[in-house]
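Peer 1: Each chain is listed here by its residues.
2 protein chains.
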Amino acid sequence: MKKITVTVTLKKGVLDPQGKAISGALHSLGFAGVGDVHVGKLITLEVPDDTPDAALKEMCEKLLANPVIEDYTIGIAENRCCAA
Amino acid sequence: MKKITVTVTLKKGVLDPQGKAISGALHSLGFAGVGDVHVGKLITLEVPDDTPDAALKEMCEKLLANPVIEDYTIGIAENRCCAA
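Chains P and E are the protein sequences, given in the same order.
For the first sequence, the residue numbers in the working numbering are 38 to 121.
For the second sequence, the residue numbers in the working numbering are 38 to 121.
Keep in mind that the hints were calculated from the coordinates and are not lab data.
The reader is advised that the hints may include incorrect statements.
If chains are identical, the list can't say which one is meant, so a pair holds when it fits in one copy or spans any two.
Simulated pairs of lysine-lysine, DSBU-like, Cα-Cα distance not exceeding 30 Å [claimed, not checked]:
1. K39 / K99
2. K99 / K48
3. K39 / K57
Go ahead and model the full structure; you've got the sequences and the hints to work with.
Peer 2: Here you go:
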């Protein structure tokens, strides 16, 4: 099995109320210099070693991200091999 | 301003119902080989260049993560300098 990370973030220009709320809360806590805040998702998946990139892309498009308003990137977190 | 990324993930052993739901949905979609799925948050913050690490840590402990059940890591996404 290998570990895949998928990061899902809102596209530029899409309203991010969660980020706005965090920014406001940080200001209230005294961190006045904080600027824009954006919140995304970080999904780690364990998939078989022979999973093709196309399948990972399909998982993202169909379930993990909403391609209309979200961007996603797929990365490899780590390769794990079983002890012999 | 510099861009900071904070990743917030559930600690090992904490139940992750969102991950379980995604795993189940991927199986239903035909991706039978998918194993464990975990879902975390990815927060990007714009902070002043001179923000000390201690302040970033305080933001995480006080607001961005729940240190009882969540781990967090702080990273630098990019340094941006203004045009002269």
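Peer 1: Next step is simple, just say for each hint if it's right about the structure.
Peer 2: Hints and how they fare:
no.: 1; hint: K39 / K99; in the structure: within (21 Å within a copy, 34 Å between copies)
no.: 2; hint: K99 / K48; in the structure: both (17 Å within a copy, 28 Å between copies)
no.: 3; hint: K39 / K57; in the structure: between (35 Å within a copy, 18 Å between copies)
The structure agrees with every numbered hint stated previously.
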